[in-house]
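A.B. asks: Here are the chains, one letter per residue:
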Amino acid sequence: MQPAVLEKLRSIVGAPHVLTGVDLSPYVVEGRTPEAAVFPGTVDEVRAVVTLAAESEIPVIAWGGGTAAAAGVAAARAGLVLGLTRLDRVVEHEPGDLTATVEAGRTVAALQATLRERGQWLSLDPPDETRATIGGVFAANASGPRRQLYGTARDLLIGLTVVTAEGAVVRGGGKVVKNVAGYDLPKLFVGSYGTLGIIVECTVKLRPRPDDERLVAVSFDRMKDAGATVRALMASDLIPNAIELLDGASLRALTASAPPAPGAGASAALLVGFDGVPDQVAWQVSELGRLVAATGGRDVREVPAETWPRLARAAAAAFPACAVMRLSVLPTQVADAMEQGGELARGRGMASAWSAHAGVGVVTASLALADGRQDLGVVAAVLREWRGIARGCSGFAVLDTAPLAVKEAVGVWDDAGAAGRIMRRIKEELDPKNVLNPGRFVDSI
Amino acid sequence: MATLTADRKRALRTELEGMLGRGAVLSDPDELLVYESDGLTLFRALADFVVFPQSAEHVSAVVKLAHREGLPFVARGAGTGLSGGCLPAEGGIVLSLMRMNRVLEVDYDNQLAVVEPGLVNLHLSWKVGPKGYYYAPDPSSQQACTIGGNIANNSGGPHTLKYGVTTNHVLGLEVVMPDGEIVWLGGKTRESQGYDLIGVFVGSEGTFGIATKIVVRILKKPQAVKTVLAVFDEVDQASAAVSEIIARGLVPAAVEMIDQLTIGAVEDAFGCGYPRDAAAALLVELDGLAIGIETQAERIVAACRDSGAREVRTAKDEAERQLLWKGRKSAFGAYGRVSPAYMVMDGVIPRTRLPYVLRRVNEIVDAHGLRVGNVFHAGDGNLHPNILYDPRKPGEEARVVAAGAEIMKVCAEVGGSISGEHGIGLEKADFMPFIFSAADLALMQRLKHAFNPQGLCNPGKVFPTRKSCGEAGAVAYRPHAIEEQGLAQRF
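Chains A and B are the protein sequences, given in the same order. Here the first sequence stands for residues 1 to 445, where the numbers follow this note's numbering. Here the second sequence stands for residues 1 to 491, where the numbers follow this note's numbering.
With the rest of the complex left out, here is chain A (with noise of 0.2 Å):
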């Protein structure tokens, strides 16, 4: 970067707030280190920052906590690094309204401890809540185990403040729970990592905090079981909160990271979740005893709270070093999904874990590089396969974590088809010098 461009980064944000040389060592990711790292204070300094950055035409990186950092593959010229984490106050909360406005760099828990003090949460629960911003959280639209009941970001993000590739200040959405005038911006910037705009604030849906929550395990001989057991569960009263299914590499994770945990040497478990008032959540859990007895589930148990947090990274917890794929599947399919492609790892001589949001179809599948000896080729061999399963249950696989080598030979995207040329043209409309976080999304944008 030219010295005169970062002397302007500093008068913008105050010398302080830009790091260069070895303080960039937190934002390198795989092996690229950006030329800089700013973090602006307000809003204003946010839009200087990005229209000097597309007048010296640097590629401007958003960054939260970093969480989501190493999502897709990182851009050639890894650019500046534009830090959130100063814009961080809760701007509103109105509890009356269940709704709240938040600038972007507040870290989830932070959050979510401000709407506890008034019995309110955003019903999101995305995993790494104490690092994870809030606006990285929607560009990634990260979610966690509750989403089988609450949905995602999507369904949450009811107004946005963004910063454009031009430097303009752009609101969407607003901060009513309902409302269709003009188009719905919020719904275009979840998920779309940085590469349409900068998010600043976000207006949130909150709900209030259920009285009573209970998470209960079961374990299962046969995964075949437990998918008809989801089934079941779909098909009865029961209103879960969450619907966990993991195979037996997963478990184990689980319950090595804390015991107690489910029974161990299960070769699948289902940690289900209840929330609401205490005569529901408790006459929900003997319900599910119930139904479990009848589809070969044994050890029915709850869990300590602490395990929540700990669900989502069951699988990837598996393995000292993996790589991670989320494929996204009918919720009848998960079972046979998780089966099928341990079997085809297995069939090549690895090692993998699964888990899955088994209620929504959304299957995480870590694949084991432990001794670094692995052929790549194997690997890249295995996570095709994987997407070959994800496509064939009409869905799609994203390969979230692996080496950069492997994310080159088997694409981090799947094939986005004709609605890919869709958002290359969004992406040309919004950001036609292609300064935000290029090269990183779906159809290389």
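Any given hint might turn out to be false.
What the hints assert, rightly or not - So the derived label-pair ranges between C-beta atoms look like this: (1) GLU234(B) - ASP237(A): 37 to 43 Å; (2) ARG310(B) - ASP237(A): 32 to 38 Å; (3) HIS449(B) - ARG222(A): 32 to 38 Å; (4) ARG425(A) - THR3(B): 25 to 31 Å; (5) GLY455(B) - ARG222(A): 53 to 59 Å; (6) ASP299(A) - TRP184(B): 41 to 47 Å.
None of these hints come from the bench; they were simulated from the model. We put the beta carbon where it would ideally sit given N, CA and C, even for glycine.
Given chain A's structure and the hints, the job is docking chain B onto it.
C.D. replies: Just chain B, lined up with the frame of chain A:
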């Protein structure tokens, strides 16, 4: 004003008939009149052709022809829209999707259905009802409006408080793009990859393309439903009760408010059991598990009493529940008893501003020498003030339009929105600057350009134009026959 020469029009008609078959193309002005407006009769425009495609391929062929000829085109469902959103530009083609009304597939295990856009909303719930499922978005016109129209407008309804609006229930769309290409956005899985194209398409008011297949979620019917009627002597008490219910940690399925004028009209028409002397009533519905629903109902009752309700009662049985809902859902038709005409407004405010905004609405309407009835989705702050007037009295209609604009400004001032479910269409295009800056609108224009670069797909909607400015104030709402019978209504 059609710009086509008679010869050209004849040739195009022949070509369209070749694609769609005879009987699928209208071009006679008398026949076209039926399609000159939607539920908002304030605006009218005549198309050159109204066509009735029966497949995505038909739609694609018509759109390609329009594209080739540079003719504007617009999709139309049942025509129950309330913002002029499906009006043709002067000239061009209206694609009526009413012959594409099949349920193509229901997958109960995965809780989804694939339907065609012309399917009537309620017919989907009828179809899946016997197996214990339903389609959640329930606009008050659900006996007539189509799912395709719901997609265009991101329609809501009373029960969206708990279950969300249309966009929260759509998984996939087969879309004919404005250049005629057939594209799938999303599919049957809960997630889709890349930008949320479904999220932006739903609610784009027909300006991004035409949905020809729609994958929606269907939900299990709740085990139990409980309906509570709370009666208040002051409107402010009813408003306060709405916030009080929320503050006690409850998310009812619906919280609807009905004011005195509306209660009088409903009781005259249908006798649903609302007390005529009440200043306002709240209809609160809880649903979910049978166990625990009593506990929750008690909390609702307590919240209403603590806010000053003089009477709170729970519907004893399904018959009483249906009667209470009939009162709510038939309000629109019932206004016919108290006024020759009325104009329904649609605005949204933060729930906590209800007392202030309702007072302002009354002041504004009073100042214009008019009357207003309120019946609306109080739980999510979605107002529907209905301004009553007599179109035969000179100048009264213009006063209604002026009062409506002032009410929209109040919604904007308190941080609300100018539409909660009816859309912008032609009606509110010029109100967009109340809540959006030039930069906000410019970004929306770019998004539109990405989908609809030629601008032929439903032109003139959503964005402010000078033209729509001068046309307002001619004719407002007239009740439709099915509204007068209390079968369906507009909000």
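A.B. asks: Work down the list of hints and note, for each, if the structure agrees.
C.D. replies: Hints and how they fare:
Distance hint check: the CB atoms of GLU234(B) and ASP237(A) are about 40 Å apart, consistent with the given range 37 to 43 Å. For ARG310(B) and ASP237(A), the hinted distance range of 32 to 38 Å is satisfied, since their beta carbons lie about 36 Å from each other. A beta carbon spacing of about 54 Å between HIS449(B) and ARG222(A) contradicts the range 32 to 38 Å that was offered as a hint. Hint check: ARG425(A) to THR3(B), Cβ distance near 29 Å, so the stated range 25 to 31 Å holds.
At about 58 Å, the beta-carbon gap between GLY455(B) and ARG222(A) stays in the expected band of 53 to 59 Å. Between ASP299(A) and TRP184(B) the beta carbons are some 43 Å apart, a value that agrees with the proposed interval 41 to 47 Å.
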